[in-house]
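Chains as they are written, first to last, in the working numbering: chain A, 1 to 249; chain B, 1 to 329; chain C, 1 to 99.
Derived from the structure by calculation, the hints contain no laboratory data. Incorrect hints may appear among the rest.
[To be verified] Cross-link-like lysine-lysine pairs, in silico, DSBU-like; alpha carbons within 30 Å at most:
1. B:K174 <-> B:K128
2. A:K130 <-> B:K185
3. B:K41 <-> C:K77
4. A:K130 <-> C:K15
5. B:K128 <-> B:K54
6. B:K174 <-> C:K15
[Said to hold, decoys possible] Taking beta-carbon pairs under 7 Å as the criterion, some of the chain C residues facing chain B (in silico):
7. M1
8. D2
9. T3
10. Q4
11. G24
12. A25
13. P29
14. D30
15. Q41
16. T63
17. P64
Just so we're clear, the structure is a prediction, and the values are computed from it rather than from any experiment. C-beta atoms are modelled at their ideal positions from N, C-alpha and C, and glycine is treated no differently.
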Amino acid sequence: MNNTQNVALIARLFSLADDEFLLGHRDSEWTGHAPLLEEDIAFSNIAQDEMGHALMWYTILHERFDQPAPDRLAFWRAADQFHNATLVELPRGDWAFTIVRQFLFDAYEQARNDWLRRCGYAPIEDAARKLAREEIYHLMHSQGWVLRLGDATEESHRRMQAALDLAWPHALGLFEPPAGDEAFGAKLPEIQAAWRAAVEPRLVQATLTIPGAATAIGGGRLGAHTPHLAELLTDLQKVARLEAPEAVW
Amino acid sequence: MSMMSVLSSVEPQLDWAEPQTGPEFEARLAAFEARIQRGEKIEPNDWMPLEYRKQLIRMISQHAHSEIVGCLPEGGWIPHAPTFRRKLALTAKVQDEAGHGQLLYRAAETLGVSREQMIDDLLAGRAKYSNIFNYPAVTWADVGMIGWLVDAAAIVNQLMLAEGSYGPYARAMKRICYEESFHLKQGHHFIVTMAGGTPQQRAMVQAALNRWWWPTLMMFGPSDRDSVHLEKMMRWKIKTRTNDELRYDFVAQYAPQILRLGLTIPDPELRYDEAARRWRFGEPDWEEFRRVISGHGPLNAERLAVRRAAHEEGRWVREALAAKSNRVQ
Amino acid sequence: MDTQLRTFEVFHQSKRGEPHVHVGAVHAPDAELALMLARDQFARRLDCTSLWVVPSDQITATTPAQAEAWFEPATDKSYREAAGFPMRDIIKKAENWSK
Numbered sequence: 001m002n003n004t005q006n007v008a009l010i011a012r013l014f015s016l017a018d019d020e021f022l023l024g025h026r027d028s029e030w031t032g033h034a035p036l037l038e039e040d041i042a043f044s045n046i047a048q049d050e051m052g053h054a055l056m057w058y059t060i061l062h063e064r065f066d067q068p069a070p071d072r073l074a075f076w077r078a079a080d081q082f083h084n085a086t087l088v089e090l091p092r093g094d095w096a097f098t099i100v101r102q103f104l105f106d107a108y109e110q111a112r113n114d115w116l117r118r119c120g121y122a123p124i125e126d127a128a129r130k131l132a133r134e135e136i137y138h139l140m141h142s143q144g145w146v147l148r149l150g151d152a153t154e155e156s157h158r159r160m161q162a163a164l165d166l167a168w169p170h171a172l173g174l175f176e177p178p179a180g181d182e183a184f185g186a187k188l189p190e191i192q193a194a195w196r197a198a199v200e201p202r203l204v205q206a207t208l209t210i211p212g213a214a215t216a217i218g219g220g221r222l223g224a225h226t227p228h229l230a231e232l233l234t235d236l237q238k239v240a241r242l243e244a245p246e247a248v249w
Numbered sequence: 001m002s003m004m005s006v007l008s009s010v011e012p013q014l015d016w017a018e019p020q021t022g023p024e025f026e027a028r029l030a031a032f033e034a035r036i037q038r039g040e041k042i043e044p045n046d047w048m049p050l051e052y053r054k055q056l057i058r059m060i061s062q063h064a065h066s067e068i069v070g071c072l073p074e075g076g077w078i079p080h081a082p083t084f085r086r087k088l089a090l091t092a093k094v095q096d097e098a099g100h101g102q103l104l105y106r107a108a109e110t111l112g113v114s115r116e117q118m119i120d121d122l123l124a125g126r127a128k129y130s131n132i133f134n135y136p137a138v139t140w141a142d143v144g145m146i147g148w149l150v151d152a153a154a155i156v157n158q159l160m161l162a163e164g165s166y167g168p169y170a171r172a173m174k175r176i177c178y179e180e181s182f183h184l185k186q187g188h189h190f191i192v193t194m195a196g197g198t199p200q201q202r203a204m205v206q207a208a209l210n211r212w213w214w215p216t217l218m219m220f221g222p223s224d225r226d227s228v229h230l231e232k233m234m235r236w237k238i239k240t241r242t243n244d245e246l247r248y249d250f251v252a253q254y255a256p257q258i259l260r261l262g263l264t265i266p267d268p269e270l271r272y273d274e275a276a277r278r279w280r281f282g283e284p285d286w287e288e289f290r291r292v293i294s295g296h297g298p299l300n301a302e303r304l305a306v307r308r309a310a311h312e313e314g315r316w317v318r319e320a321l322a323a324k325s326n327r328v329q
Numbered sequence: 001m002d003t004q005l006r007t008f009e010v011f012h013q014s015k016r017g018e019p020h021v022h023v024g025a026v027h028a029p030d031a032e033l034a035l036m037l038a039r040d041q042f043a044r045r046l047d048c049t050s051l052w053v054v055p056s057d058q059i060t061a062t063t064p065a066q067a068e069a070w071f072e073p074a075t076d077k078s079y080r081e082a083a084g085f086p087m088r089d090i091i092k093k094a095e096n097w098s099k
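Just chain A, with the same shape it has in the complex (with noise of 0.2 Å):
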């Protein structure tokens, strides 16, 4: 593998493991608030998927990439470093808002997955073949409350579509290459139109309304966040830092 094929997979990896770990973060704040007690203990499933898919992209780039350790990826690095999509980083909002976004990121995950598991690339293709099932799931769980709270009550369509309007911007931000991606020969803008054809039915069964005229709100993939990622690391970090990045907690 050349350089810059080395480099574009790297910055792959990042994408995969920054989204997942603060999609992971953001739905553990739930844990203890949500609107029914079952779903708690469901939605904390979730948050602690994703947690671990990030630590096993994480794990890839320590043991075959040479960059430094998972705990020193998450909780040493500073938001200009990140290449998560900025979906991921928004507050958790209302529920109508935690599972708008969930919806579209565990489509997207899906549709990424497919591609993901004959990319070419040994490690990556056995990860997304692992992480498929728990990924199903997810899905289906997403899918379940959209259809479940889009057409219930006038406030629950109109919380749900509020959420669809904040959040279907920076989705499309999902698909913004990373770095040198041209080298990894991503199929993005395929990956792009099945996630399209697998949620446009689903919020048109829930009587959203896609935004229209929405255009992309990129730059994540290339460190380019909102103030709400500086937000979220100043907590996700502040007891890490609180001694050397040495220190065994």
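Since the structure of chain A is provided, determine the placement of chains B and C on it from the hints.
Coordinates of chains B and C only, in the frame set by chain A:
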């Protein structure tokens, strides 16, 4: 009256006005107590004296509320956990606490009270829950101390409750005890790791111990001599050991482990009496206990405010789910 | 006071070949969500190969008042059991018949 019953009846064959005196009552009571003495379980829909039912509703619902409120001190630290391992373990632990609350509310429901009512009582400040969660988790080390000591105390109590006479509660307790063993291990690992770390980490642990030792001892409830209901609770196997016995067991098991780490327990009277082969320790501040349990602890108001906010925030969701499922029916 | 929805009883099969065992109940608006919520509450640690949920009001059950009449036999029913047919003495007799 129907020959058969449907499982979901939140109000089973329940007569809240059934007389609790007289020869018929005494006969039933004798049979009920004999059953308990034989070691048999009481199941939902069995005849039981009203006082047994009320004591259990009170105890089980308080236990459920404690788990739910208990999510807050540790849950608030999930966003700040300093490593993947700690973050995942803490998320899983708080998830378990919500899960325990779920199991316990269900056990209480079998006695004729609805989850709606119990939650309403908690949020309106009418219900009690374990005092310990009215204390703040001030630093990251507090999270470990809660995970270790508070969960250790809970296990000492819960192992006892798992032998209780009421079937659904005993079953829930067995399941909960199994999960608590993971919490204890996680907490112990957490504290021992920090105690072996930098001077600041060790100091953080000692400060946390200073804050949590006495509240943990108070988790076992008032001293036996001040315990109302104790004799009946023991006869009906709602409790099978006394508060002081459990408190002693906790100190005997955990004081040595804490002292071995070179930490100082904030009780000048704590020592092992070689002659009597027993641990001696000081008396908790029962004034503080009374103050905190009656709603005037450091965080009582805040804890309930957070729960109320979460509940209000989720109201539209529950209403949406109910509306939709009614239409589909 | 708002709703905590309906309840569904949960049955859990820990591995193939084992029966489904009642493990508790979940509050949910419908069976499909109940199944997902049951999975996260009752199968996140324990091995599980199958899960059932049933609306609580669909389970018909005996009452304690019925227990004696339904489950405690009045007369000897040992003819249903292997132990109701002791063999030792009659085998001895038959085997020693010609002696």
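Each hint tested on the structure:
For the given pair, K174 of chain B sits about 23 Å from K128 of chain B by alpha-carbon distance, which is consistent with the 30 Å threshold. Taking the CA atoms of K130 of chain A and K185 of chain B, the gap is about 29 Å. The hint holds against a cut of 30 Å. For the proposed pair K41 of chain B and K77 of chain C, the alpha carbon gap of about 26 Å is at most 30 Å, so the pair holds. At most 30 Å may separate the alpha-carbon atoms for a hinted pair to count; K130 of chain A and K15 of chain C meet this at roughly 22 Å.
Between K128 of chain B and K54 of chain B the CA atoms are separated by roughly 14 Å; this keeps the pair inside 30 Å, and the hint holds. A distance of roughly 21 Å separates the Cα atoms of K174 of chain B and K15 of chain C; the hinted pair therefore holds under the 30 Å criterion. For M1 of chain C, the interface hint holds, the least distance from its beta-carbon to any beta-carbon of chain B being 5 Å, beneath 7 Å. Taking 7 Å as the C-beta contact cut-off toward chain B, the hint placing D2 of chain C at the interface holds, the least distance being around 5 Å.
Evaluation of the T3 of chain C hint against chain B yields a held restraint, the C-beta minimum of about 5 Å falling below 7 Å. Hint status for Q4 of chain C: holds, given a least beta-carbon distance of 4 Å to chain B, under 7 Å. Checking G24 of chain C against chain B by beta carbon gives a least distance of about 6 Å; that is within 7 Å, so the hint holds. The interface hint given for A25 of chain C is met, as the beta carbon of that residue sits about 5 Å from the closest beta carbon of chain B, less than 7 Å.
Evaluation of the P29 of chain C hint against chain B yields a held restraint, the C-beta minimum of about 4 Å falling below 7 Å. Hint status for D30 of chain C: holds, given a least beta-carbon distance of 5 Å to chain B, under 7 Å. The criterion of a C-beta within 7 Å of any C-beta in chain B is met by Q41 of chain C, whose closest approach is roughly 6 Å, and the hint holds. A distance limit of 7 Å between C-beta atoms decides the matter here; for T63 of chain C the minimum to chain B is near 5 Å, and the interface restraint holds.
Residue-level restraint check for P64 of chain C holds (minimum Cβ-Cβ distance to chain B is 5 Å; threshold 7 Å).
Checked against the numbered hints above, the structure violates none of them.
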